[in-house]
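Trainee: Chain residues, written in single-letter form:
2 protein chains.
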Amino acid sequence: MSKKTRIGIVGYGNLGKGVEKAIEHNPDMELIAIFTRRNVKDIEGNNCKLIHISQLELFKGTIDVMILCGGSATDLMEQGPMVSSMFNTVDSFDTHARIPEHFKNMDRVSKEAGTVSLISSGWDPGLFSLNRLLGQAILPNGMDYTFWGKGVSQGHSDAIRRVEGVKNAVQYTIPIEEALEKVRAGKNPKFTAREKHKRVCYVVPCEGADLNKIEETIKTMPNYFADYDTTVNFISEEEFKKDHCRMPHGGFVIRTGNTSEENKQRMEFSLTLDSNPEFTSSVLLAYARAIHKFSQEGRKGAVTVFDIPFGYLSPKSPEELRKELL
Amino acid sequence: MSKKTRIGIVGYGNLGKGVEKAIEHNPDMELIAIFTRRNVKDIEGNNCKLIHISQLELFKGTIDVMILCGGSATDLMEQGPMVSSMFNTVDSFDTHARIPEHFKNMDRVSKEAGTVSLISSGWDPGLFSLNRLLGQAILPNGMDYTFWGKGVSQGHSDAIRRVEGVKNAVQYTIPIEEALEKVRAGKNPKFTAREKHKRVCYVVPCEGADLNKIEETIKTMPNYFADYDTTVNFISEEEFKKDHCRMPHGGFVIRTGNTSEENKQRMEFSLTLDSNPEFTSSVLLAYARAIHKFSQEGRKGAVTVFDIPFGYLSPKSPEELRKELL
Chain U
1 MSKKTRIGIV
11 GYGNLGKGVE
21 KAIEHNPDME
31 LIAIFTRRNV
41 KDIEGNNCKL
51 IHISQLELFK
61 GTIDVMILCG
71 GSATDLMEQG
81 PMVSSMFNTV
91 DSFDTHARIP
101 EHFKNMDRVS
111 KEAGTVSLIS
121 SGWDPGLFSL
131 NRLLGQAILP
141 NGMDYTFWGK
151 GVSQGHSDAI
161 RRVEGVKNAV
171 QYTIPIEEAL
181 EKVRAGKNPK
191 FTAREKHKRV
201 CYVVPCEGAD
211 LNKIEETIKT
221 MPNYFADYDT
231 TVNFISEEEF
241 KKDHCRMPHG
251 GFVIRTGNTS
261 EENKQRMEFS
271 LTLDSNPEFT
281 SSVLLAYARA
291 IHKFSQEGRK
301 GAVTVFDIPF
311 GYLSPKSPEE
321 LRKELL
Chain X
1 MSKKTRIGIV
11 GYGNLGKGVE
21 KAIEHNPDME
31 LIAIFTRRNV
41 KDIEGNNCKL
51 IHISQLELFK
61 GTIDVMILCG
71 GSATDLMEQG
81 PMVSSMFNTV
91 DSFDTHARIP
101 EHFKNMDRVS
111 KEAGTVSLIS
121 SGWDPGLFSL
131 NRLLGQAILP
141 NGMDYTFWGK
151 GVSQGHSDAI
161 RRVEGVKNAV
171 QYTIPIEEAL
181 EKVRAGKNPK
191 FTAREKHKRV
201 CYVVPCEGAD
211 LNKIEETIKT
221 MPNYFADYDT
231 TVNFISEEEF
241 KKDHCRMPHG
251 GFVIRTGNTS
261 EENKQRMEFS
271 LTLDSNPEFT
281 SSVLLAYARA
291 IHKFSQEGRK
301 GAVTVFDIPF
311 GYLSPKSPEE
321 LRKELL
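Top line first, the protein sequences correspond to chains U and X.
For the first sequence, position 198 (counting from the first letter as 1) is numbered 198 according to the working numbering, and the numbering increases by one without interruption.
For the second sequence, position 323 (counting from the first letter as 1) is numbered 323 according to the working numbering, and the numbering increases by one without interruption.
Source of the hints: derived by calculation from the structure; they are not laboratory data.
Certain hints may be false.
[Claimed, not checked] With a cut-off of at most 30 Å between alpha-carbon atoms, the simulated DSSO-like pairs for lysine-lysine come out as follows:
id, chain 1, residue 1, chain 2, residue 2
1, X, Lys111, U, Lys300
2, U, Lys198, U, Lys3
3, U, Lys111, U, Lys60
4, U, Lys198, X, Lys17
[As the list claims (entries may be wrong)] Some but not every residue of chain X turned toward chain U, in silico, with C-beta under 10 Å:
id, residue
5, Pro100
6, Arg184
7, Thr230
8, Val232
9, Ile235
10, Lys264
11, Gly298
Just so it is clear, CB atoms sit at the ideal spot from N, CA and C, and this is done for glycine as well.
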């Protein structure tokens, strides 16, 4: 294939910017345009590929795959069907309970339009889902566990920032080492939330705020913190800016199982990420390559990572893959 | 699907026995027959499913997928085309340099016969290959490393057993922890063979043998040991039987890469196996499920793990997979 895969990005937040960077590392990909709901002139940097989303339709036929980088599940449930009525799409929809509904919507629209739409890609859902499936298919007589972190939870950080007297805050979810070791040993443990992950918070207080009260409010917050061992560290704005503005994340999918009474087997997949959005973007871009190939083969409708052979993710030909990577 | 996938096994060594056990853990699979070149009456246990390989053709139409468990690459290159002219097949062909040739042979025969043949499945080639591909597709600006072990190398164990004065022996390949850590730190190191793996041997000497000479012969053996740090331990036949008759193995595929100048990302897949043949068998069986579905869809010809969507490996429906595992 000499022709590049022509990519469009919808949404110019952290994820959209990550896709923009990822395209630079993939010589078979070409960025055509970035669509935003904001006023293009208001966006810093004045990127000449930024286009207002109202112009989307004009690009029909010039973009092979549109990567949906909308900030929230609501964005994706609205934008998804709209965009997939005109373009092949890839999204990272992660509201688990609504996946069947989103799949159904995207499938209907894409089949009518003759496009392919990949939903719920990224690393979880995405690569972690693939590893859960693989573990269960190969070791049916076993258990799997997913751990997340060390990583920033945006939802928990937001919850802390809403506490009175908090100026800024970040929350790290950290898997508990002893729990990981129990799982790796194949003991098939049952965990409470507290036994699997702990929560560590870095809080910049407002001047004169009651630190004890902030700490108490965080630690007893239902759903978010009450069921976990939570540590609250107060830091200055300077420290916050210096040490806590990155978005690290990662995690583990571990499957252990027995193939016979005496033989235990373990499969483990893990990610250690300096930047969650940049890694997620790189996954979405590899899947955009696959979706372009799917579409060229005449397929249509919604698909997930479970439907896509790994060979489609690579720019290499099947012959090259067999020779170099098998 | 209410109908079970009907499995045949060709070859009744460790791998074939592993498939036989794995079928017990998979209620959607059914063992029809095990084919062997040996005289069926000579085989211990008197398994009533054992059939002489000359009877293979009689089973046409009653077996959905034949799992080829021949002991050597030579077996598979001969048996493969013969069996795939009548049945869908799955094999674990692992002579890397001859993969293109084996693929070509199997593809030609399978296309003529209207069967599907999966070649080079298992964990390496197989699951490790998938992870190498995934790492390169997602983090093109990076490097990947494969480490093997701790595990028994059959080839190296055989080489020691050929040394004069050696009664029995086993060799473990062990990845060097410092090398793993350098790779995990994203330093993109270049390794000599000696820096990546070490070799530890357990040798039962013949009575009166010259131990120093055995040790010297092993450690200086070209290709097998001379390029590695090798440790030789002499043990009794009893110790050997007690501690060294299992076939553990495993390894790591690690990809590190940068998505931007400041952000490093790491993907790691690892296996820790009590029994190499039993795990490999379980992988082959999951892929047999996929090959049965491929065949039911009317596909034909040779394929590899790169061509098969993970969804096909699972007994669950696409709806269940999206709901439960995504």
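Trainee: For every hint, state whether the structure bears it out.
Mentor: Quick rundown of the hints versus the structure:
1. X:Lys111 / U:Lys300: holds (26 Å)
2. U:Lys198 / U:Lys3: violated (48 Å)
3. U:Lys111 / U:Lys60: holds (17 Å)
4. U:Lys198 / X:Lys17: violated (44 Å)
5. Pro100: Holds - the Cβ of Pro100 (chain X) comes within 10 Å of chain U, reaching about 6 Å at its closest.
6. Arg184: With Cβ-Cβ at 8 Å, under 10 Å, it holds.
7. Thr230: violated (27 Å)
8. Val232: Status violated, d = 27 Å.
9. Ile235: violated (21 Å)
10. Lys264: holds (5 Å)
11. Gly298: violated (15 Å)
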